Amino acid sequence: MNKILLKLIIFFIAFPLSIQAEVLPDAPFNVKIKAGRLETTVYWENPTDDDFIKTTLYYSTVPIENYFSFQAVDAFCDKIYEGNDESFIVRNLAPNLPYYFILFASYKGNEYSKAVVLMREADLEEEIVIEDKSNVDNKTGTANNNSNIQNSLAGATATIVNEVSFNEAEIVYNYNQKVEFSENSENRRLSLFIIVKSPHDLSDQDINAISYFIDQGTPTTIFLGSGERTGVINSYLSVFNKLPRDILEWQDVIKIANGRWPNQRNLEAEEKAAAETFSSIYQREADTNNAFDNAAITVIAYGLRSANRNMESEAAAIKIYESIFNKAPQEAYEWDMVRAIAYSGATR
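Okay, so the sequence shown: first residue is 0 according to numbering that gives the first Met the number 0, each after it adds one.
I should point out that these hints are in silico values taken from the structure, not numbers from a laboratory. Keep in mind it's a predicted model, so treat the numbers as computed, not measured. Careful, some of the hints might be misleading.
DEER-style ranges, computed between Cβ atoms [said to hold, decoys possible]:
(1) Tyr42 with Asn240: 52 to 60 Å
(2) Leu123 with Leu201: 16 to 24 Å
(3) Arg36 with Asn262: 36 to 44 Å
(4) Ile127 with Gln70: 26 to 34 Å
(5) Glu321 with Ile129: 33 to 41 Å
(6) Glu120 with Arg347: 23 to 31 Å
Yeah, the Cβ is synthetic: ideal placement off N, Cα and C, and Gly gets one too.
Let's have the full structure, built from the sequences with the hints guiding it.
And the structure:
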């Protein structure tokens, strides 16, 4: 692929999750590079955890960010070293290109640290030393690996939303490798739950993309968890009567997961949400000049997710839904109504 991700200005936001966020194991620390025009030496210190196995080093000439997963980097970047040394010389670099050097620590049980990324700019005039500051505690000089801040497109400009979502869609659709689930894996069950609902034939690449998205997520959707990512695909299926089968359709899935309008629209679904569903919930007609009413219609029609989940609001919304419809929400569009009640701000 020509690009993996843009030089991105994205808002880093910590979210309250429905389940506790996974704490990643320690990454290599005290990382620095001595960068020259034709070669660069990468230095680091390995974690001291007993379960640490090795450090893996990649490089790329397209932008990489430190929230990229090990699987994504391994699929799209060049691996140049793995082992237990604490330095490596990268030779024969093109002086006119930028290079991104990416380090991961690997652990027993197929666990991986957060990425550590340093960039060597193009057209260097002289050798320079660049140090990673994000993974070191400034007071103690020790590794700081608790910055598991998640990322979302909430609040980002339309240009950034389009570029990031498109590039993440490329990652998902072009992954095209079979995801190896354990026999009793919940993520395997979730993937099959979605795949068997397809009204169209799916290629191996389509199935691999669905499995990868549910199991691994993307930089801006990983905070949702595999169950909620399954729900996002289910909402997409509900409104468009199909599962995503190309990059543009996956871009819409990622936008929905980030609470942003998809490129494809379903005017019939919007009209139904406004004329029927909204009035069933709020016992009045929707006011299209009211931002809260429009938000409710959009959430109902497309299942847009909230970046900042509030479990108390969702629990209260479920009770309200049950009192209105005399049943618990089950189908994708019913859960989309619950989200509208919880987050849109519309009132009776």
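Against the structure, the hints come out as follows:
1. Tyr42 with Asn240: 52 to 60 Å: At roughly 54 Å between Cβ atoms, Asn240 and Tyr42 fall inside 52 to 60 Å, so the hint holds.
2. Leu123 with Leu201: 16 to 24 Å: violated, 48 Å
3. Arg36 with Asn262: 36 to 44 Å: Since the Cβ atoms of Arg36 and Asn262 sit about 42 Å apart, the hinted range of 36 to 44 Å holds.
4. Ile127 with Gln70: 26 to 34 Å: holds, 32 Å
5. Glu321 with Ile129: 33 to 41 Å: Roughly 57 Å apart at Cβ, these two residues miss the hinted range, so it is violated.
6. Glu120 with Arg347: 23 to 31 Å: violated, 57 Å
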